Amino acid sequence: DGGITQSPKYLFRKEGQNVTLSCEQNLNHDAMYWYRQDPGQGLRLIYYSQIVNDFQKGDIAEGYSVSREKKESFPLTVTSAQKNPTAFYLCASSITHTLNEQFFGPGTRLTVL
Amino acid sequence: RKEVEQDPGPFNVPEGATVAFNCTYSNSASQSFFWYRQDCRKEPKLLMSVYSSGNEDGRFTAQLNRASQYISLLIRDSKLSDSATYLCVVNILTSGGGADGLTFGKGTHLIIQP
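So the sequences go chain by chain: B and W.
Number 92 in this note's numbering belongs to position 92 of the first sequence; there are no gaps in the numbering.
Number 61 in this note's numbering belongs to position 61 of the second sequence; there are no gaps in the numbering.
Since the hints were made in silico from the structure, they are not lab data.
Bear in mind that the values here come from a model prediction, so they are computed numbers and not experimental data.
Glycine included, each C-beta is placed from N, C-alpha and C at the ideal position.
A couple of the hints might just be wrong.
[Stated by the list, open to error] Capping the alpha-carbon separation at 35 Å, the derived lysine-lysine pairs in DSBU-like fashion look like this:
{"#": "1", "chain 1": "W", "residue 1": "Lys79", "chain 2": "B", "residue 2": "Lys83"}
{"#": "2", "chain 1": "W", "residue 1": "Lys42", "chain 2": "B", "residue 2": "Lys57"}
{"#": "3", "chain 1": "B", "residue 1": "Lys83", "chain 2": "B", "residue 2": "Lys57"}
{"#": "4", "chain 1": "W", "residue 1": "Lys45", "chain 2": "W", "residue 2": "Lys79"}
{"#": "5", "chain 1": "W", "residue 1": "Lys106", "chain 2": "B", "residue 2": "Lys70"}
[Claimed, not checked] Sample of chain W residues with no beta-carbon within 10 Å of chain B, all distances over it, derived:
{"#": "6", "residue": "Gln31"}
{"#": "7", "residue": "Ser32"}
{"#": "8", "residue": "Ser52"}
{"#": "9", "residue": "Arg59"}
{"#": "10", "residue": "Gln63"}
{"#": "11", "residue": "Arg66"}
{"#": "12", "residue": "Gln69"}
{"#": "13", "residue": "Tyr70"}
{"#": "14", "residue": "Ser78"}
{"#": "15", "residue": "Leu80"}
{"#": "16", "residue": "Ser83"}
{"#": "17", "residue": "Gln113"}
With these hints in hand, go ahead and build the complete structure from the sequences.
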């Protein structure tokens with residue numbers, strides 16, 4: 001089955017620790033995205049990548065880092081510099097960055113203890 | 001002015017009724033429009049694209065009004081399972097006017113009551 005997978009589904013982290021969220025897609029999409037959603041709020045763009053080995057900051061990139069070494073994979077690292085990391089993290093992909101609809105993975109719910 | 005604006009609701013609607021909600025967008029040059037559905041604690045899922053000529057899929061109809069810069073979603077014969085948050089999505093433009101990625105509205109919360 002083609003699609004986007006994210007792991008883990010739930011993640012607990014102690015303050016001061018870095019943590020990496022996985023996102024994989026087998027749709028052969030060029031573009032991939034990371035969003036953050038807080039309770040009752042809309043999606044906010046963290047980082048996006050239009051093509052392998054390239055990525056751009058979104059609206060709230062501070063405290064996060066990404067890599068795009070393979071077309072299928074776009075992991076997100078939440079660093080200790082992110083002051084309020086508890087949130088629902090969603091990964092998405094699209095055929096290209098412009099115009100096309102985005103398809104989402106099931107999300108990772110991160111809780112900082 | 002926000003790029004994409006939606007009435008957050010909630011819209012409380014009896015089962016079987018027809019419900020409609022709009023979304024306004026700020027950039028008249030936007031070219032792609034979509035409606036997504038998001039269930040509680042789940043990921044957004046594409047409901048339908050919105051074309052200039054309108055788009056109908058079963059009980060759902062989406063329309064685009066470029067002159068007034070809004071898109072609409074109409075749900076006929078609403079079902080309990082239609083309860084969700086509906087996100088309006090519009091492509092954004094670069095400072096040079098070229099197409100860029102998508103921007104998501106904050107969503108309209110719909111509750112279908114038995």
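Contradicted hints - numbers only: 1, 6 and 7
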